[in-house]
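Engineer: Spelled out from the first residue to the last, the chains are:
2 protein chains.
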Amino acid sequence: MRSAFHQQLEDLTEGVAQMCQLAGTAMQHATHALLEADLTAAESVISDHELIKDRAATAERDAFVLLALQAPVASDLRAVLGALKNVADADRMAVLARHIAEITRRRHPAHALPGDVHGHFTEMGRLAVDIGTATRKVVRSGDPESAAQLARDDDALDALHRHLFTVVMAPDWSHSVASAVDVTLLSRYYERFADHAVEIGRRVIYQATGELPVTELRH
Amino acid sequence: MRSAFHQQLEDLTEGVAQMCQLAGTAMQHATHALLEADLTAAESVISDHELIKDRAATAERDAFVLLALQAPVASDLRAVLGALKNVADADRMAVLARHIAEITRRRHPAHALPGDVHGHFTEMGRLAVDIGTATRKVVRSGDPESAAQLARDDDALDALHRHLFTVVMAPDWSHSVASAVDVTLLSRYYERFADHAVEIGRRVIYQATGELPVTELRH
Chain A
1 MRSAFHQQLE DLTEGVAQMC QLAGTAMQHA THALLEADLT AAESVISDHE LIKDRAATAE
61 RDAFVLLALQ APVASDLRAV LGALKNVADA DRMAVLARHI AEITRRRHPA HALPGDVHGH
121 FTEMGRLAVD IGTATRKVVR SGDPESAAQL ARDDDALDAL HRHLFTVVMA PDWSHSVASA
181 VDVTLLSRYY ERFADHAVEI GRRVIYQATG ELPVTELRH
Chain B
1 MRSAFHQQLE DLTEGVAQMC QLAGTAMQHA THALLEADLT AAESVISDHE LIKDRAATAE
61 RDAFVLLALQ APVASDLRAV LGALKNVADA DRMAVLARHI AEITRRRHPA HALPGDVHGH
121 FTEMGRLAVD IGTATRKVVR SGDPESAAQL ARDDDALDAL HRHLFTVVMA PDWSHSVASA
181 VDVTLLSRYY ERFADHAVEI GRRVIYQATG ELPVTELRH
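Chains as they are written, first to last, in our numbering: chain A, 1 to 219; chain B, 1 to 219.
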């Protein structure tokens, strides 16, 4: 019975890991679509989100069956409940990638971004994709050290997010207010993407050590 | 044993209902702080969020104990897992109210809002507070009809959110880009607040009828 439980928990964990990877891939394609005003890429991010939602539904069902049939307690129960929260965070990461694709589609054939913030968003996209991959690895390995690294990756993305505010709000911002609004929301989507990854990392740390990291979610 | 379970589930549900009310109250104070540039009110929203976080932690602990000791199955298990998700949504609602207070504090002694959008935010605040109260009632009663009403309240808030975009992006927007950025984020916080209430409503409907409403979360 115990061993069946651990096999099922492993499957559930692997499902979460794959969702994190899919969210990272969605972010990669969404960033490409945004930077190139590529409508086809934007639309594929939007339609591919259905696949990620299916994964989330499957993982939730697996967790439900596991709880109903195995009635785990203590750390086993904590692991299943943590996995369920991770599913919600990974799904939300994918929703944020979809939001970026939706803004891209709404502005097409125009570019949503003025050329002079391309560099910032290229870097935010790169960081978000790396965070997606790192989150997949952290979920699989359960390693608290790598999980703590996610908060540091998030700091880099946060710094870019804050910097973009100063760019948009500077007196020499030469683009439209509409553009500033798009940049604000897009930047927030990248920032929130990383926040959810940090939440997953915090759960991995808690699972491994029984303690929550001191840093507190601020967003 | 069954009856102990149902008493505990009722306590858990009541905890969620109270969190929804607290989030609504936080939104009321945050909106007042925003409209009046009232620093004291803003700071009390920020510090009161600790109380809501404590409530969330207590509710999560209660759910954990309930699952571990009672090992519920079928609809009882679904109810506990649904309550856990509701806790996360209600907490997030309170975080969004805190974000509004934080922007108010950051801009103080200046007003974060230009005078000509005061009316919009007064109305968004009113709707959000009503949604908080309605969500508390829906959680307590478990009534699917009132739960479905939450999606309609959300539509009203969504419409205001979309309208604000047209105001901010209109060629005759006479305020700074910084102001447009604040309005964009603030409006998004109200909109997301209502989204989380709708999610709670969807779970109440699912719990009562076994079916998910057709409307799909778009945000």
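Among the hints, a few may not be true.
Claimed, not checked - If we take Cβ atoms under 10 Å as the criterion, some of the chain A residues that face chain B in the derived model are:
hint	residue
1	56
2	60
3	63
4	69
5	84
6	127
7	165
8	168
9	176
10	185
11	210
12	213
These are calculated hints, taken from the structure and not from any lab test.
All C-beta atoms, glycine included, are put in the ideal place defined by N, C-alpha and C.
Engineer: Going through the earlier hints one by one, which of them does the structure break, listed in rising order?
Structural biologist: 1, 6, 11 and 12
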